[in-house]
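Novice: Residue strings, one per chain:
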Amino acid sequence: MARYSAWTVFKNGLTGQKGWGRAWRDPEPKKAYDVVIVGAGLHGLATAYYLAKNHGLKNIAVVEKGWLGGGNAGRNTTIVRSNYMMPGNRQFYEHALKLWEELSHELNYNVMFSQRAHISLFHSPGARDAAARRYNSMRLTDTPAELWSLEQLKKEVPHLNYHSARFPIIGAAVQKRAGTARHDAVAWGYARAADQLGVDIIQNCEVTSVSRDGSQVSAIETSRGTIQAKKLGFAVAGNTSRLWQMAGLGRLPIESHKLQAFVSEPLKPLLDQVVVFGVGGAHFYISQSDKGGMVFGGDLDWYKSYAQRGNLPIVQDTAEAATSILPCLGRVRLLRHWSGIMDMSMDGSPFICKTPLDNLYLNAGWNYGGFKASPASGWYFADLIANDRPHEVIQNMDVKRFERGVMIDERGAGPDPKLHG
Amino acid sequence: MIRINCPFCGERDHSEFSYGGDASIEYPALDAPPEQWHDAVFMRENIRGMQSETWHHASGCRMWLVVERDTLTHEIQAVRPAHPAIAQALEDEA
Ligand SMILES: Cc1cc2nc3c(=O)[nH]c(=O)nc-3n(C[C@H](O)[C@H](O)[C@H](O)COP(=O)(O)OP(=O)(O)OC[C@H]3O[C@@H](n4cnc5c(N)ncnc54)[C@H](O)[C@@H]3O)c2cc1C
Ligand SMILES: [Zn+2]
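Order-wise, the sequence lines are chains E and Z. Everything in the first sequence is counted per our numbering, starting at 1 for the first residue and increasing by one. Everything in the second sequence is counted per our numbering, starting at 1001 for the first residue and increasing by one.
Derived from the structure by calculation, the hints contain no laboratory data. Treat each hint with caution, since some may be false.
Within a straight-line C-alpha distance of at most 25 Å, the following computed SDA-like cross-link-like pairs (lysine to any residue) qualify [claimed, not checked]:
#, chain 1, residue 1, chain 2, residue 2
1, E, LYS418, Z, SER1024
2, E, LYS418, Z, GLY1021
3, E, LYS176, E, LYS65
4, E, LYS53, E, GLU101
5, E, LYS31, Z, ARG1003
6, E, LYS176, E, MET112
7, E, LYS418, Z, ARG1048
8, E, LYS176, E, GLN245
9, E, LYS65, Z, SER1015
10, E, LYS418, Z, GLY1020
11, E, LYS98, E, ARG333
12, E, LYS400, Z, HIS1056
13, E, LYS400, Z, ALA1029
14, E, LYS291, E, ARG333
15, E, LYS98, E, LYS154
16, E, LYS65, Z, GLU1045
17, E, LYS30, Z, ALA1082
18, E, LYS400, Z, GLY1021
19, E, LYS155, E, ARG128
20, E, LYS31, E, LYS176
21, E, LYS418, Z, ARG1003
22, E, LYS154, E, SER289
23, E, LYS418, Z, PRO1028
24, E, LYS400, Z, PRO1028
25, E, LYS98, E, ASP272
26, E, LYS176, E, GLY88
27, E, LYS418, Z, SER1015
28, E, LYS400, Z, ASP1031
29, E, LYS291, E, ALA185
30, E, LYS354, E, ASN396
31, E, LYS418, Z, HIS1074
32, E, LYS418, Z, ALA1082
33, E, LYS58, E, GLY88
34, E, LYS418, Z, ASP1031
35, E, LYS354, E, ALA386
36, E, LYS400, Z, MET1043
37, E, LYS268, E, LYS230
38, E, LYS230, E, ALA32
If you're wondering where the values come from, they're calculated on a predicted model, not measured in any experiment.
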């Protein structure tokens, strides 16, 4: 399959866009693979890509029950940042951000990564101190971070509610290298690049059971027949517990919750950055897409759910938060809203780890921050599968960390999955 | 909006309630081994389908309820007070 370049764009522009072929193949599943990854979301596709690219593995399949990128990959609000504080998370997300910075070149696919800055507002001296602590911690891992005064903020983001907000804005913590990317393009880019390295991406192929031979996984049963796997990886986001139980492994420190997202009608350029507002019970984040739509979201729906549809009270909460910090949105119409199923973990941090079965590996627990993680998630999960040991950066990202008393709890919210973000 | 039929207040919007979580968790004795506490605090079955869960009628009678709800369809099959003695008293009355 041809490489994309400025030249091919130009040539196809002159020849009626007739020269574009398929971006990836549509193969029949083979009987057996060296590695099978379940779930063609961002994490599964990135894992397959790095298995082939970094570790030279050849015989790899990604199986997906629907279409690739149809899960949370295509449902998120596309925020990419690395403003984490806890050891482990800091190194992990900074590595992810460095991969993002090169991703379009790496994949030969424009993922529209836009480092437009991520601005977290604060509304009290206490919140400012907490932000200063977090942003100073980031600097320990060489992640540049800034605190902005109210004056600077007003200059950079003029439309915020500086005059009548219930919680007056007093400044902001800013990560300038953070921003957004086009989520579908990331899925497609990884799919195309993995396919070019020989990975079979098999869509409409639902895993219905997992066959075991003692402490080994031997095969998976799918809607397209039995597939044998020497190594098996799960990257199924909100459906993790189901797959885990198919493998006969019982309980996990995960609950499935749903999160909604919203996009407005397209507007002229209004907001150049990602702006985040969080005070008391309110939580709100917003950016403007290249098409002009305001893309935003808030909290979870507050109760466990596997239904990919949202409830109305959260629509109201989110609209209230929107108009309280950006009153100019008051009469903007909503174009679409949707929801996705989150694998919320007990401390808000993920799992990339080995499992009680020798040749089964787990990638899960992304809460609602897994988009930004995808390149590093694939990178470290591939490293784990290929070398059969966790890299030191992910050494505490295992499901057993709670037994050791290790919580990677960025929010300090405790073991209640719905409270993590 | 999910509607929950509170045994004391009648059918109300779920926004009057706050969500507790999995009602099937049994907390061990205070001096039980840490492994048992670990399992109760951290491990979840995370059912896709009918599950027992607790809801608090925070903006109503303030009773804790046990609700049998399908986590895929949100359909509710039964609601009862979480306190067994109160549930029993209601049943005796009925
Ligand atoms: C509304 C919303 C907003 C979000 N906003 C952000 C954000 O701004 N920034 C950020 O960093 N993160 C965000 N996230 C989180 C992020 O989208 C997820 O953490 C991430 O996409 C999860 O990884 P994934 O892409 O691999 O998951 P998915 O795309 O969900 O992939 C999992 C795949 O597994 C497949 N699958 C499930 N069961 C089976 C089976 N039995 N057999 C075969 N296949 C199966 C599913 O069909 C699915 O395609 C948001 C999520 C949502 C829903
Ligand atoms: Zn009541």
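Novice: All the hints need checking, so say for each whether the structure fits it.
Specialist: Structure-based check of all given hints:
no.: 1; hint: E:LYS418 with Z:SER1024; result: holds (18 Å)
no.: 2; hint: E:LYS418 with Z:GLY1021; result: holds (9 Å)
no.: 3; hint: E:LYS176 with E:LYS65; result: violated (37 Å)
no.: 4; hint: E:LYS53 with E:GLU101; result: holds (18 Å)
no.: 5; hint: E:LYS31 with Z:ARG1003; result: violated (48 Å)
no.: 6; hint: E:LYS176 with E:MET112; result: holds (16 Å)
no.: 7; hint: E:LYS418 with Z:ARG1048; result: holds (16 Å)
no.: 8; hint: E:LYS176 with E:GLN245; result: violated (42 Å)
no.: 9; hint: E:LYS65 with Z:SER1015; result: violated (34 Å)
no.: 10; hint: E:LYS418 with Z:GLY1020; result: holds (10 Å)
no.: 11; hint: E:LYS98 with E:ARG333; result: violated (36 Å)
no.: 12; hint: E:LYS400 with Z:HIS1056; result: violated (31 Å)
no.: 13; hint: E:LYS400 with Z:ALA1029; result: holds (22 Å)
no.: 14; hint: E:LYS291 with E:ARG333; result: holds (15 Å)
no.: 15; hint: E:LYS98 with E:LYS154; result: violated (29 Å)
no.: 16; hint: E:LYS65 with Z:GLU1045; result: holds (22 Å)
no.: 17; hint: E:LYS30 with Z:ALA1082; result: violated (52 Å)
no.: 18; hint: E:LYS400 with Z:GLY1021; result: holds (22 Å)
no.: 19; hint: E:LYS155 with E:ARG128; result: holds (19 Å)
no.: 20; hint: E:LYS31 with E:LYS176; result: violated (48 Å)
no.: 21; hint: E:LYS418 with Z:ARG1003; result: holds (20 Å)
no.: 22; hint: E:LYS154 with E:SER289; result: holds (22 Å)
no.: 23; hint: E:LYS418 with Z:PRO1028; result: holds (23 Å)
no.: 24; hint: E:LYS400 with Z:PRO1028; result: holds (20 Å)
no.: 25; hint: E:LYS98 with E:ASP272; result: holds (22 Å)
no.: 26; hint: E:LYS176 with E:GLY88; result: holds (21 Å)
no.: 27; hint: E:LYS418 with Z:SER1015; result: holds (16 Å)
no.: 28; hint: E:LYS400 with Z:ASP1031; result: holds (22 Å)
no.: 29; hint: E:LYS291 with E:ALA185; result: holds (15 Å)
no.: 30; hint: E:LYS354 with E:ASN396; result: holds (11 Å)
no.: 31; hint: E:LYS418 with Z:HIS1074; result: holds (17 Å)
no.: 32; hint: E:LYS418 with Z:ALA1082; result: holds (21 Å)
no.: 33; hint: E:LYS58 with E:GLY88; result: violated (30 Å)
no.: 34; hint: E:LYS418 with Z:ASP1031; result: violated (28 Å)
no.: 35; hint: E:LYS354 with E:ALA386; result: holds (12 Å)
no.: 36; hint: E:LYS400 with Z:MET1043; result: holds (10 Å)
no.: 37; hint: E:LYS268 with E:LYS230; result: violated (52 Å)
no.: 38; hint: E:LYS230 with E:ALA32; result: holds (8 Å)
Checked against the numbered hints given earlier, the structure breaks hints 3, 5, 8, 9, 11, 12, 15, 17, 20, 33, 34 and 37 and satisfies all the rest.
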